[in-house]
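Residue numbers (the working numbering), protein chains in the order written: chain A, 1 to 293; chain B, 1 to 327.
Some clues are possibly wrong.
To be verified - So the derived label-pair ranges between C-beta atoms look like this:
1) Gly-117/A to Phe-152/B: 47 to 53 Å
2) Val-272/B to Leu-114/A: 43 to 49 Å
3) Thr-164/A to Phe-298/B: 35 to 41 Å
4) Gly-178/A to Tyr-101/B: 34 to 40 Å
Said to hold, decoys possible - Stretch-level coverage of chain A by chain B, calculated; a stretch enters the list once three of its residues show a Cβ under 8 Å from a Cβ in chain B:
5) 87-94
6) 98-106
7) 111-119
8) 220-226
By construction, these hints were calculated from the structure, which means they are not laboratory data.
Heads up, the beta-carbon is just placed ideally off N, CA and C, and yes, glycines get one too.
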Amino acid sequence: MDTASLLQYLVSGLTVGSTYGLTALGFTIIFNTTGIINFAQGEFVMLGGMLAVILGQALGLPLVPAVLGAVALTTLAGGLVERLAIRPARGASPIQLVIVTIGVSILIRGLVMLLWGKDTFALPHFSGMRPILFAGAAMLPQSLWVLAVTLTLLAALRAFFTATIHGKAMLACSHDPGAAALVGVNVRRMVLASFMLSALVGAVGGVILAPLTMTAYDVGILLGLKGFAACILGGLGNPFGAAAGGLILGVLEAFGAGLVSSAYKDAITFIILLALLFARPTGLFGARSADRV
Amino acid sequence: MTAGRGAGNLAALAGFAALVAAAPWLLPNDYYLSTLILAFLNAMIVIGLNLLLGYAGQISLGHGAFYGLAAYTTAVLTAAHGWPVGAGCAAGVALTAAVAYLISIPTLKLAGNSLAMATLGFGLIVHIVFNEAIAITGGPSGFVGIPRLALFGRVFESDLEYYFLVGGVLVLLAWAALNLIDSRVGRAMRAIHTSERAAEAVGIDITGAKRFIFVLSAAYAGLAGVLYAHYLCFVAPSSFGFHFSVTLIVMVVLGGMASVWGAVAGAVFLTVLPEFLRAFEDVETLLYGAILVLCVVFVPQGIAGGASRLGRALLARLGAARRPHAP
């Protein structure tokens with residue numbers, strides 16, 4: 001195996017892995033604030049890509065407004081999900097909340113299918129398709145976009161959670177919602193904010209990946225699952241572990257597809273995940289137990 | 001209380017068995033018989049899944065795959081390797097239970113419903129293998145030439161015979177589930193549901209109890225799977241995908257969590273509904289999503305809870321009518 005192909009796998013792995021990382025980050029934001037595993041997270045990623053395509057094609061918007069509009073609409077959808085499905089079910093058991101989010105995810109999928117059909121759509125590349133050659137490996141400009149946007153978003157989130165009052169309030173909810181309420185944090189509003197924020201992060205992942213992999217109403221299942229796998233890999237509840245988990249998963253998958261079999265690419269990913277759960281249930285970066293009390 | 005409950009269970013079982021036995025004479029034609037057979041197979045899986053969801057508080061998004069794994073196992077063993085049908089069926093159910101056990105080891109220890117994601121991943125792997133391992137499974141176009149079910153030298157040739165077999169198995173599985181709920185394991189599960197900590201403190205092996213229920217529910221799906229394979233004599237990957245796993249969850253939730261009869265009602269209702277709703281395919285996904293959200297928010301007890309509440313209200317009204325002057 002020559003270095004050029006290995007480098008090629010690494011680049012494509014990091015690109016796809018960035019999206020897994022962003023999806024994983026979305027899971028973590030909601031899990032940390034509410035203790036809910038949001039099964040609709042993958043649908044936020046799908047909505048980001050699909051809405052950008054629809055805004056571009058149906059309304060004839062140029063790429064930039066279409067992408068920004070898609071992210072804004074998905075963020076709004078995240079808020080609606082919290083308002084219409086999660087808040088009315090408050091007081092339900094954890095298992096019921098999981099069912100609600102599964103319901104929301106297939107509801108979103110069904111709605112998109114009904115509105116725009118089962119076709120696969122492509123979003124134009126942000127800055128052309130001429131590959132950049134580097135040490136024998138070819139890299140699409142879109143890959144650079146994906147990596148740059150992911151890193152920027154990670155830095156921004158880090159700043160948000162450590163340096164702003166709202167970010168700290170959300171973190172407080174994750175430690176103890178009761179105590180957070182006592183010191184004056186509006187926990188309900190934080191829950192709403194966490195859904196909107198994670199929808200935003202998911203949608204960004206969706207729009208930057210859509211030019212590379214195409215998008216359709218049903219891409220959310222697999223993306224959501226990979227995102228959750230990344231969470232487990234990085235240790236559930238640890239945002240930067242989640243992002244790192246996504247990158248690792250993406251790279252493993254690219255090498256698995258390149259060196260073993262592309263037909264079984266997704267199977268390889270999940271076998272690695274199950275093996276890892278078996279050997280190290282707290283994830284690679286999770287020292288503490290992922291148990292929330 | 002327990003004795004009364006046991007008698008109530010037996011009465012309900014007898015009533016259900018009578019209904020199952022009478023159904024073929026109430027149906028307008030034979031086509032509905034095969035719909036009912038499929039509905040009963042779904043009901044078997046859903047009873048098992050309901051034990052997991054309603055009692056162990058765990059969710060599996062891979063029961064479609066367990067169903068398929070058992071179906072493919074017996075299909076390949078009997079049609080391609082000449083195993084007797086009974087042995088193929090036993091191997092199918094055993095393999096399904098063994099795989100469920102393996103999955104449960106790492107996942108049931110984790111919080112946040114890792115089992116849900118692990119089973120979702122497992123379901124996708126199984127689906128990929130069904131589609132890609134063409135030499136063994138026949139790939140996307142399916143696997144043909146599975147022999148019809150034959151047990152103890154008797155071939156279940158007609159739909160009516162098969163219907164009575166499936167109906168009988170369903171009654172037995174419902175009976176086993178009802179007994180399990182009132183057994184030591186069932187009480188342990190209810191204790192865990194109320195408070196995991198308290199259950200642990202009084203010495204209940206939480207992980208062990210959850211694992212037992214998970215493996216059992218996979219075995220229920222496996223049994224339904226082998227009966228499915230030897231009924232249709234054809235299996236294809238599309239019957240066992242993620243969509244089917246979600247449909248099973250919808251059946252549990254609609255029927256009512258933690259209710260054996262609710263599981264049967266949910267499964268039969270949602271299997272028969274598409275036969276009457278022509279536009280069903282377009283709105284199916286949407287409808288299922290809406291059912292899941294609305295049921296949990298507004299009727300957490302599903303059909304079963306709604307029916308029992310209605311029954312109690314009627315009884316109360318009757319009682320009030322009989323004693324009009326009671327204070």
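Structure-based check of all given hints:
{"no.": "1", "hint": "Gly-117/A to Phe-152/B: 47 to 53 Å", "in the structure": "holds, 52 Å"}
{"no.": "2", "hint": "Val-272/B to Leu-114/A: 43 to 49 Å", "in the structure": "violated, 23 Å"}
{"no.": "3", "hint": "Thr-164/A to Phe-298/B: 35 to 41 Å", "in the structure": "holds, 38 Å"}
{"no.": "4", "hint": "Gly-178/A to Tyr-101/B: 34 to 40 Å", "in the structure": "holds, 39 Å"}
{"no.": "5", "hint": "87-94", "in the structure": "holds (count 5)"}
{"no.": "6", "hint": "98-106", "in the structure": "holds (count 8)"}
{"no.": "7", "hint": "111-119", "in the structure": "holds (count 3)"}
{"no.": "8", "hint": "220-226", "in the structure": "holds (count 3)"}
Hint 2 alone, counting from the list given before, is not met by this structure.
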